[in-house]
Amino acid sequence: MSETSEPADDGSSRVRALLVDVFEGNDARMIVGTMAGIYLLLIVFSLFAGFGLGGMVNTLRAATVFAAGYGMLVLALNLHWGYTGLFNIGVAGFMAVGTYTTAILSAPPEASPGAGLGLPIPIAIVGGMLAAALVGLLTALPALRLRADYLAIVTVALSEIIRLSVKSGTLAEFTVFGVTLGTGGGRGISYPAPGSLGGWVLDNAPGGGALVDIGQTLGIAKPVMSGLVYLVVLILFAAAFYWLLVRIGNSPFGRVLKAIREDELVASSLGKDTRIFKLKVFAVGCALMGLAGYLWIGRSGFVNDLSFRPNITFFIFIALIIGGAGSNTGSLLGGMVFSSLLFYLPQFLSQNFGSTGSAPANFLGAVAGLDEFVAYTLQNISSLRFVLIGVLLVYLMHNRPEGLLGHRKEDAAAVNLLERSSKPPGSGKAAMADGSGSGGESDE
Amino acid sequence: MAVFGAVLFVDLVRQFVGGGISFPFLASVVLEGLVIGLAYGLAGIGLSMTYSILNFANFAHGDTITVGAFAGWSVAYVVGGLGTAGVGSLFLLTADPGISIANAFGVVVVGAIAAGLGAVVLSLALDRIVYKPMRDAGGISLLIASIGVALALRYLIAFVYGTGVKGITAPVPKVAFLTVDGVSGFGVIGPDQQVGQLASVSDLSLFVDLPFAAAGSEVLVSLTFHGLALALTAAGLMLAMHFFLQRSKLGKAMRAMADNKPLARVTGIPTERVIRMTWVLGGALTGIAGFLIVLESGTMSFSFGWLLLLFVFAAVILGGIGSIYGAMAGGVIVGLVDSMAIIWLPSGLTKAAAFVVLIVVLLLRPEGLFGGVTTA
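Heads up: the sequence lines are chains A and B, in that order.
Take the first sequence: its position 223, counting from 1, is numbered 223 in my numbering, and each next residue is one higher.
Take the second sequence: its position 312, counting from 1, is numbered 312 in my numbering, and each next residue is one higher.
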């Protein structure tokens, strides 16, 4: 919005200056501000659609679930592409491995479709992450010496192999060492839903009952309330991902990753075994993708192969490009902007404003007049949003390939050596704030 | 890899001799793989050319196939169905005039040409708008931009034509080696004829007696007219393309650019014009391939090209990027792997087998099976 301001226009340039003043270099404000803007937009549209408080809260919840889910996945991909320059477009496959393994480990043995071991959920989650890391490692072991575009093709082919395998009837139910397991094939797999954690908290935790009562008086139904509780869990995980990424980025390990991204030959000339670093970072990123897949896509306790088509990989990738590869705050922002504004909002508009009944059935009716065209467009906005996303991606590659925050430079050292402050080198958080502050000037 | 292939071959012979698989089954699987493989090869030439000359993996290639096919079939429907329904509903493929190569050969040819032209126009426009401003960018930037192009094209088609799967062609006769009531030979089976129910060979519209003996009534191998048209056109176009690149000046310029771009420029090759011609030739073949694939399969949806993309990539990489014969051979191999894997694998995993071959080739021999000699 501030991009279009003319120097002559005093008002908007002052607004711009104010915006820069408030948000530049302050990542927390930036994230909160973006989310507040998204909320404001959704609230306005909800009011237009005539929602009550309950419906409005549910809308915001749905948008935030998207934002948190995408945020986690984009951060995990940022570790691969942003930090290390590994062009992994098999995200959907690694998500599938993590989600399905966790599902199989936690599903009760008599479950149908699919069958599992009935292990406690935390153990199952660890198992899922390990499986995703292992598959990532097995992929990376031979594939990392390939050129970037070949790595891309190998990973996307692998993700399709994984998807086709979990879909196939052969793995739908199989027996290992006398234990029957299964992915459920095309019918999908049911397992204890991580999302039911919200309901459990409301029923069992101290104060849970009070929360339900407060919700009732405000007109928020209990399922929405339990969804909100699970949303808090998702946000906490996204925050943990962010923290982990910042720690990795600022560690000596992260420094080598960035060196590999910039020039692998130099990094290896300086005595770093870049292969080992790439293997490690690939495994860690894949484990995070597996976890995020389970927590987000698998939150309802049922998944099938359709959730893991290559499209989702490309969406995550586009979100990362929008936010700016290499920047963790950018990753979060990109995930938020992509998922709530570009992905969720059009769908929301189509659901609440599109079904006026007068929309023509096909494009032929749509070109009959402007009214018909608008109605048809609203009806089919779920297709049109992807056209918009595609055009946006091309525009970004032309005009701002570094995305929103990709221009930032992270300091190689954990403390900024140029500004010798009197403060002792503090926690990772302080160092992070320093690092992002120094990059701000190069923007203008 | 060779050992693994040999083991599979021995097992195939063993199953065949042991009666595990019948000849008609094996023949139909091989033929199916061959036909679809030729289509992959034809569609792959454009991808191979842009990959070698512009140095990037074009993820929008699959959707160029789709756009070409939609453009071609829209034109074919309008030309072939004029007067039977409104032009608009014919163009949007909602009215079905029942076109097949048997009842409207000319219309199909016009449609194929329109498909080629549509893809050429699209490719040139995309090059001008999207890729030209990024000529100096790295392959990965171009790749990412092409992902955006792919998304936009695919859903633009979905916006205009809808997301359903459309039945496109009318049923056509098949050519076949067959036996009817003890008489064997080569013949044409009509779309509504069942070989088991025929009284004698005189019911067939064409029959040539051949001296191989069999009892009863049986189809040994059959191929629809559409499949035949796909195979013949694809093979012919690929051959023409090969001679063009080998003999013509433009072809030599293209190979020079694929080999060493700065050197080509220094030698005075008009690189921009060569790039444009690359899009023109590649686009035309891609559009025609899309049209033919739909002709053969009979159905079309907004995402069919996107779903083919990985197979086309597999064909191109298998054969070696930049090589026309490579694309052809790679396409046939990928098609055969996809169709023949059914002998060993459950039906859900045959596509996965084709991708496994792709990955194995990339890992073991990234320059392609044919040594990566970019002789075009």
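Take these hints with a grain of salt, some might be off.
[Said to hold, decoys possible] Partial list, derived from the structure: chain A residues whose beta carbon lies under 8 Å from chain B:
hint, residue
1, F87
2, T170
3, A359
4, F363
5, L378
6, N380
7, L393
[As the list claims (entries may be wrong)] Listed next, the stretches of chain A that the computed footprint assigns to chain B, with coverage defined by at least 3 CB atoms under 8 Å from CB atoms of chain B:
hint, segment
8, 158-164
9, 188-197
No wet-lab data here; the hints were simulated from the structure.
Built from N, CA and C at the ideal position, the CB exists for glycine as well.
Structure-based check of all given hints:
no., hint, verdict
1, F87, "6 Å, holds"
2, T170, "5 Å, holds"
3, A359, "13 Å, violated"
4, F363, "5 Å, holds"
5, L378, "12 Å, violated"
6, N380, "6 Å, holds"
7, L393, "3 Å, holds"
8, 158-164, "holds (count 4)"
9, 188-197, "violated (count 0)"
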